[in-house]
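Protein chains: 4
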Amino acid sequence: MTEATVIGGSGYTGGELLRLIVGHPQLELGQVTSRSKERRTVTSVHPNLRGATDARFVHPDDLEDTDLLFTATPHGYTMEEMPRLRDHADTVVDLSGDFRLDDPAGYDEWYDEHPNPGMLDEAVYGVPELYRDEIRDASLIAAAGCNATASILALHPLVESGIVDDEDDVVLDVKASSSAGGASANTASHHAERSRVVRPYAPTSHRHQAEIEQETGLDVNMTVHAIEMVRGIAATAHALVEGVEEKELWKAYRGAYGDEPFVRVAKSRRGVYRYPEPKVVEGTNYCDVGFEVSDDRVVAFSAVDNMMKGSAGMAVQSANIALGYDEGAGLGFNGMHPV
Amino acid sequence: MTEATVIGGSGYTGGELLRLIVGHPQLELGQVTSRSKERRTVTSVHPNLRGATDARFVHPDDLEDTDLLFTATPHGYTMEEMPRLRDHADTVVDLSGDFRLDDPAGYDEWYDEHPNPGMLDEAVYGVPELYRDEIRDASLIAAAGCNATASILALHPLVESGIVDDEDDVVLDVKASSSAGGASANTASHHAERSRVVRPYAPTSHRHQAEIEQETGLDVNMTVHAIEMVRGIAATAHALVEGVEEKELWKAYRGAYGDEPFVRVAKSRRGVYRYPEPKVVEGTNYCDVGFEVSDDRVVAFSAVDNMMKGSAGMAVQSANIALGYDEGAGLGFNGMHPV
Amino acid sequence: MTEATVIGGSGYTGGELLRLIVGHPQLELGQVTSRSKERRTVTSVHPNLRGATDARFVHPDDLEDTDLLFTATPHGYTMEEMPRLRDHADTVVDLSGDFRLDDPAGYDEWYDEHPNPGMLDEAVYGVPELYRDEIRDASLIAAAGCNATASILALHPLVESGIVDDEDDVVLDVKASSSAGGASANTASHHAERSRVVRPYAPTSHRHQAEIEQETGLDVNMTVHAIEMVRGIAATAHALVEGVEEKELWKAYRGAYGDEPFVRVAKSRRGVYRYPEPKVVEGTNYCDVGFEVSDDRVVAFSAVDNMMKGSAGMAVQSANIALGYDEGAGLGFNGMHPV
Amino acid sequence: MTEATVIGGSGYTGGELLRLIVGHPQLELGQVTSRSKERRTVTSVHPNLRGATDARFVHPDDLEDTDLLFTATPHGYTMEEMPRLRDHADTVVDLSGDFRLDDPAGYDEWYDEHPNPGMLDEAVYGVPELYRDEIRDASLIAAAGCNATASILALHPLVESGIVDDEDDVVLDVKASSSAGGASANTASHHAERSRVVRPYAPTSHRHQAEIEQETGLDVNMTVHAIEMVRGIAATAHALVEGVEEKELWKAYRGAYGDEPFVRVAKSRRGVYRYPEPKVVEGTNYCDVGFEVSDDRVVAFSAVDNMMKGSAGMAVQSANIALGYDEGAGLGFNGMHPV
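Residue numbers (our numbering), protein chains in the order written: chain E, 93 to 431; chain D, 93 to 431; chain W, 93 to 431; chain F, 93 to 431.
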């Protein structure tokens, strides 16, 4: 058994990691840190884990050595602390944005100046569909952002196949859930204000754009709307390209994902669920992708659970690869219908 | 025109008062106070009023004399400040709980010791269906609590007709919306936590019970569940009485409410909407009531919009009566279908 | 008083017309037809109208002469029946798609061959912001489609000001509510299937595109997603144009809508509601529009209630203009906060 | 491996069985029948199973012998067909109501006259917490109704401990989700009508009352409200008993469920989740139970996922017991937070 410790266990992605660890056949839970919830039980925050663990939060200063360390902290923390954290574990999977970009200049633009830019090279971008081989040898894995995961996996086959390139206009209209905003309450997240919204919260750009452009090589025009949904990200990529045929698209998507355990091409001619939908993948590690084409546009759709394939699930998938376990270990939940 | 000022205009019931005042044929808006939002526009908080008013919040210390004063403040404020506030206006309608109970002892039990107990006698309980005549002459009106309004209007015909009396067991299972908890954000009200709940938040009693028992003379066993709803209160009263016939109930409800402009008996044999439902009265000043009977139980249902008939709407209805205006002035919205 | 009759009164836009008519100071309700609900009370279908009307549905074959006729029927009906219907009333406002397009060829492409193409010229497209003068003299008004209204009003100032023209790429990503699909139940609309969806239902084109292109002169790349919402349409128009400055946009939007009673520019630097949101305009006749700009893109947002500004509200606004009444008569509801 | 066949696999509980079977370590999927969906893929109806199975529906007339047969059919079907069905499998778990009542007279009252009353004695009521030993030897198991499961598990410790008996008044106010109404679309289930309801749909009694009274020995006053929720049942039992102390209740609930793998006592002094809530158990086989007490009332709360502990999950739990497998096999999903 591999011991796995979670830094930042009282947040949403931290809690999801706990759920996955306690249900994982090869992992056992080490420490769970939380500055604000020290000494309280994990289940007082994450009620779904009642009966599954009696762990309590410890202060991050009391961190002990472990095998596998997941960091689920706000942006800015691991950027500073990573050198120290890596002394505690052979493998670190960081769920924040602090090690996702290759180029330190990206941090100046989208986040803050990076205090450990030399370590960016060592970090592998934790999207197995793109970097499975690199993840196998990695000791520092940067799990992708939730909007980025959905967007990249929708666009990747189009780029790989040459259907879309950096000369083409791409509009990315992302629909995001409330949990993607984290666990801190504020007026905008107050239920009476946040319910039933279609709220443009990143009208002309979003930090995750930096990752998307890095990984796809495209310039994307990204907008994020908050909508009524607790979990889930739906990305719609509109690529303004002419004369593409549906069979090329099938070839591109099947080629890219035919062997992937956690990407499904969801495209049907009939039935209620003809394209990807976030609720279908809720609680699962799947990214569903689909597409449609007209004379002068390819529209690609994708859906992930932002807590799962969009963060904690992908982090465990990457850890499984790095540790040599079955890639799907602990990630077997199939999702529900109806839901 | 009568000038109406709102104390506590940045909260939810305060905002609803503003909406009703700016749409009222005989009222014009005076001041709107808010301690925390001073100098900001009203529409920066209540976006529905864009185009309807360019008012800005003023500090409560800057209160000027007016004709009609609505106080939409947290419990405890008017209890202290009412003597001073009444110097500013001939008519005060208080939306807090501070003047609802007749007996000062009730404040010791459910709130805090009342600093102005002598003024409790002067306050009229602002439910027109019970106290229309008293409201006509009132200078201090205490609008009822939202759960109380729904519960009292469901039970009132049963008590008036003698079908239920204080020897009978009555269980009151109330389903409440998130706006009933006010505008302050906290972890429990965070969208990701509050969404889709069925959450027992007042499992064995609720402050509004004091009003309900005062007005009905019954001992009620009250439980409030928070459910997925932004506006609305649904009260289900289970009265354990034997041998009641449906026609007695029709007589009781029609007798009580046949002439009431804002209480509708909602009971149909077929169709989708056979009983009261909160979404049907959303935005309106209606309380819909309905009932069903079995051998040993009468079940009474009611639905109100907690912002309207449950607070601001009822407050305006009472003010209309007190000022001699048409009782329904400014309260003409019929509600929507579907919604 | 003008008598107004509604054909197709058991549907959703028909029901909304009834609500507006019974609350209108110059209109009185004539007949309400419904083939399937003949002789049932209107309130058995539209429970919000309890107490407001005791009308019953009549069979469409029993249509009598009236002053003002609203047709809220499925596409295809008035196309055939309009000559006969116009014999019954001086003014007809059609809420279907049957008279919206100027060019009969549009019907061949998007609907069916039009049996009365000669009448298309007589119909005025019922968007007062574009055709107020023409509506004044019109006897046949074709109220716009809900997605089209939202899209056109978002794009109109960009086109008028020359910021966007037909050489520019425009992606239109529309988020739609369930009521926009009408009142007929089917598996896709079953609550357990339809709830919480982000469902691409018009992935690469939508009928309303024909109206949008006709009225804006643009080629638009339109996609419609069904999302969790009962009422409301949110349109996001991504126009790929470079070098536009924010002040030009302010000028364009204020110029277009500064005097419009039912279009509000919703754009704030702070607060929760910084852009248009459908829930803010629920139940109202407002279209809120807003925008944001980056180096190479203008993003325009709009929100309407599809039952109101997107159909019945706009139809009444147009009828008010045609009949010489105050343009906002019967349309005074300001919307709610929170909701 | 045990082969498991599902009759009625296109419905909601049928689909949930499929999900559990394909994820079960000792079960393999046999046939899946559906009259209306014959030859279509299972995933065309249940999109969550994409990648997990390529099974197709077969006509029920083509049923072959199998090891374990689950019947997820509308009430009335197995009542007639059970003798024939039992010829096909050694163990049958029936998810309909047709074999839940011991007394044929109950069928006359709540369903229809039972054509195979002699078989009622052979059926074991499939609630492991009450009948684990009987299930071990059973060849016919009648899984309980969803409302019944939640209600019985809330009440059972009160009855066992003698805190509540058949002289006491018990009001059962159940809040139910839309999936509990099945997969067939109708006007009442249409999204625009069903959304955000608090709808009394079984105002004074419900079929499941028969099971509850049979298993608890109490007379219950049951009311079911449909509320905004796709999955889940929340039962609130108000028992009007005086002088009960909290420690007695702890003893009763811990005594009843201390060793139960799928019942958790959810009761905390602080935190957001202090009592059972359906969303916490969504997708899981847990029934969470909790309670609170006042001078003259015990209020017991319970929450289940109606597809899981309320039907398919419980059916698999019972099958595991009957077949000698680990009782929790295939039921390991812990649920999500937030959700």
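None of these hints come from the bench; they were simulated from the model.
Glycine included, every Cβ here is placed at the ideal spot set by N, Cα and C.
Any given hint might turn out to be false.
Pair by pair, the computed Cβ-Cβ distance ranges are [to be verified]:
1. W/Gln-118 - D/Glu-252: 56 to 62 Å
2. E/Asn-278 - F/Glu-334: 54 to 60 Å
3. E/Arg-346 - F/Arg-131: 22 to 28 Å
4. W/Glu-259 - E/Glu-205: 57 to 63 Å
5. D/Asp-182 - W/Arg-362: 33 to 39 Å
6. E/Arg-132 - F/Pro-353: 23 to 29 Å
7. W/Asp-146 - D/Gly-274: 35 to 41 Å
8. F/Ser-276 - E/Glu-337: 38 to 44 Å
To see whether the hints hold, each was checked on the structure:
no. : hint                              : in the structure
1   : W/Gln-118 - D/Glu-252: 56 to 62 Å : violated (41 Å)
2   : E/Asn-278 - F/Glu-334: 54 to 60 Å : violated (45 Å)
3   : E/Arg-346 - F/Arg-131: 22 to 28 Å : holds (24 Å)
4   : W/Glu-259 - E/Glu-205: 57 to 63 Å : violated (41 Å)
5   : D/Asp-182 - W/Arg-362: 33 to 39 Å : holds (38 Å)
6   : E/Arg-132 - F/Pro-353: 23 to 29 Å : holds (25 Å)
7   : W/Asp-146 - D/Gly-274: 35 to 41 Å : holds (39 Å)
8   : F/Ser-276 - E/Glu-337: 38 to 44 Å : holds (39 Å)
When held up to the earlier numbered hints, the structure conflicts with 1, 2, 4 and fits the remainder.
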